[in-house]
Amino acid sequence: MLRVSDVSAGYGAAQVLHGVSMHVDAGESVVLLGPNGHGKTTLLRVISGLVRPSGGSVQFEGEELVGRKPEEIVAAGIVHIPQGDLVFPMMTVRDNLLMGAYRRGAWKVRKDGLDRVYALFPRLQERGGQLARSLSGGERRMLAIGRGLMGDVRLLIVDEPSLGLAPQVIEDVYAAIKAITRDGLSLLLVDESANHVEGMADRVYLMETGEFRREGNAAELLGDEALLSTYLG
Amino acid sequence: MGQLLQAVWGGLVFGSVYGLMAVGLTLIWGSLNLLNLAHGAIYVAGGYVAYTLMVSLGFSAVFAFAGAMLASAALGLVLYAVVVLPMLGKPGWDNASWIATVAVSLVLESALLLAYGPEVRAMPAAIEGAFVVNDVVFRYQAILVCAVAVVLLVLLHLFLKTSRFGLAIRAVSQQMDASRLVGIPVALVFLIVMGVSASLSGLAGAMLTSILALSPTAGFVPMLKALIVTIFGGLGSVKGTIVAAYVIGLLEAFVQAFAGVAWSLPALFLFIIAVLLVRPQGLFGTPELQRL
Amino acid sequence: MSAVTQGVREREVTPGAGPWRRLNVGAVGLALAAATLVPWLLVQTGQRFVVTLLVTVLVYAMVAQCWNLVLGVSGIFSLGQLVMYAVGGYASSLIAIHLGLSPFLAIWVGGLAAAAIALVIGLAILRLRGVYVALLTLGFVMLLQNYLGTGPEIFGGFYGLKSPGFGFTSNPLLSTYYLGLALFVLTTYAVWRIMYSPVGTAFTALRDSEVYAVSRGIDPFRFRLLLFAYSAFFTGVAGAFMAHYQQSTTPASLSFTLLTNLIMMIVLGGWGTFWGPIVGAVLLVFLDGFILKDISAGWHALVLGALLAVVVIAAPEGIAPPLGRFLKRAADRFLPDDEDEDDDEEAEVAR
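Chains as they are written, first to last, in the numbering used here: chain P, 139 to 371; chain H, 213 to 504; chain D, 393 to 743.
No lab work stands behind these hints: they were computed from the structure.
Any given hint could turn out to be false.
Only some residues are given here: those of chain D computed to face chain H with a beta carbon under 10 Å [stated by the list, open to error]: (1) L463; (2) G467; (3) V523; (4) L528; (5) L535; (6) T542; (7) F648; (8) T652; (9) H692; (10) A693; (11) A698.
Computed list of lysine-lysine pairs in DSS-like fashion (alpha-carbon distance at most 30 Å, straight line) [said to hold, decoys possible]: (12) H:K373 <-> P:K207; (13) H:K451 <-> P:K246; (14) P:K246 <-> P:K316; (15) P:K249 <-> H:K451; (16) P:K246 <-> H:K373.
Since the structure is predicted, the reported quantities are computational estimates derived from the model, not experimental observations.
Where is the CB? At the ideal position from N, CA and C, for every residue including glycine.
Taking the hints into account, I'd like the entire structure generated from these sequences.
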């Protein structure tokens, strides 16, 4: 479904990715693990068109994505939920969600989208009229995820959903992501630690200094304590 | 009492026009982080286009206003192509961008000077005449200006609050990356914002120059007042800008009525200096977030 | 610290390691000799007009350098430099008129008055963010212009003040030029000191990343206030010099045209660079004095506006840095080894 081949990228003179290749198959949940600052987020930004790679190709269902604008990539069904709380702070929760349905097709059925997201995160419905900046950290994360689900998603990309959240909230967020992927949605998830992803990943990539060091079956890799501690500390 | 009411009415008229101009400045500031100092030149260009259509070519006022809006929207797009496209996202945008708009405004104003000469022109009113109630003179032109401005500001407010594209404009101004990731075509949003804001300024120019005067540099003072309005309203807040426009308009009208015309700009500056010392984020601006 | 350890330390600093550097005595001497002799030759050959242009260059270069320090080096969005310029002119003229102080001394009072006003304005605006500063400083310019034109009689209204001249008896133009040159050298040295010292680095740090600078112990407000007043002093001196040279001080010293012209000098020359404002002042004054002398006001503004637009958009670093690189290349080719060090410096400075 998604095939990243030999992608290199960086910011100015600083090369961050050194020819990485990976793939996500239809219906699969893939997790990228690696310490902070080693290129995971950059790879995601390349996939969603925010960063132009200096080399390599990204194909989604056989179509080249490199050189496409972010809005065209969203139109193809790739939804990237970025790191941190990138919500629209001075808009209401409801308007934030509606922006997730910006694409014309999704806009027509935005009511259904809202129902779907509210069913998943009842908290967001309660807070529907509040400004997004008044939400707690966990609620913002849910809002960012919910906003991503408003359109026609085929591949969901989530960048460090656990970042900066309390343990209890992290569990809620991961439970929600699990619930979403149960309907056969493909998932590409990035995390710093292996703690939360057990039981939801099919395959795992270990990333270090802009390259993939290991790739493999989730059960196998996540079970290997020695390996994990080598790469993730 | 008559003088007071006359001042209130004058304030509403001024406020309406400042609102039209200031909303454009706010939109551009909010979404592009650009202080557009060519706004005044576009205002004047709108005035001259309307003047040409009405006086030289004999079209009706409606055509003249529509022509002014179209022409200044086109200028906004030119500004986008010339200034924004080559510079946006490059280092130094904060400073270089407003200087570039000063340059564009110099070019535009001097082109108008070459085309029309330095003399002050009298722009005819769209509707002549006036009526008097309790010693207060209501000129039809002033009523028209007020009505058109209020309708447009309300429409703009609704557009930004409820429509798909309006929400997208606000989204872009608040979180650019997130906007890209939900599929908002950011470049198109910028283009539309520049076009809409320029066309509102052009319309303000077409309408107000029949009350004030039309000359190549006549846009500078209205632009300054619009800037004061924008900052008073809290840079980037559309609602705040509209409220601020009427407050500033009323203030100016009172100063003019009771202290003389020469005092209106100094008084407004003193006012905004005082406001910013007390409340640096303006009326409706939020301290940590100076956006739409 | 003993002289020995100091000597050792100095040798350890590799050229280009820090942005502060030593003055190159040879190059400065050469430039000063040229600045002294050329106008004398010009007067001898009857080119008095060029010398009057040079005086204007000196004054505007002083103001532009000071403004560049505020705008380009420390990133304060101030449009108010002309306030200090006008205050310098008015204060010096008033003191000379009413207290009979010699203009040679009065210009320093003008500088001090400008610095004092800058402290007051700075206290009010320097805690605010960029655009607010721009609008408020522009507001101060317009308020002052309005006040001087319509306010108390002592300021002489729109016709301003008849400032006493310097009273040079022999060769007044050349003498005025040399006085201006001395003030220009002083200002330039002051600006150089700020830009190429640890203090200057602090300002650049503040401009580029306030958070980082603050975390390194730089108090942004105090630093900016200091710089604001410092640059105001020399701007005030320039304004005072101009007043006594032209023997008149009017509210036109706060005009929007002058304001845009000065910004143009800074931007055309090279925003935030040491040579930029100087190169820009030379360029613009001579452009005005020769090439654009006989065209109408409309074309004049059109050409300058277009030039500004092209430079800002297509060559945002301005003219001085590429010029510096060009000179360095030329010097490398024609003057191998010996002069190399100077040119390195020139190119680096221009950067």
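Now the hints, each set against the structure:
1. L463: 8 Å, holds
2. G467: Result: holds, 8 Å to nearest chain H Cβ.
3. V523: 5 Å, holds
4. L528: With Cβ-Cβ at 6 Å, under 10 Å, it holds.
5. L535: 5 Å, holds
6. T542: Interface hint status for T542 of chain D: holds (6 Å vs cutoff 10 Å).
7. F648: 7 Å, holds
8. T652: Holds. Min distance 6 Å.
9. H692: 8 Å, holds
10. A693: 4 Å, holds
11. A698: This hint holds: A698 of chain D lies near chain H, its Cβ roughly 5 Å from the closest one there, short of 10 Å.
12. H:K373 <-> P:K207: 26 Å, holds
13. H:K451 <-> P:K246: 28 Å, holds
14. P:K246 <-> P:K316: 27 Å, holds
15. P:K249 <-> H:K451: 27 Å, holds
16. P:K246 <-> H:K373: 18 Å, holds
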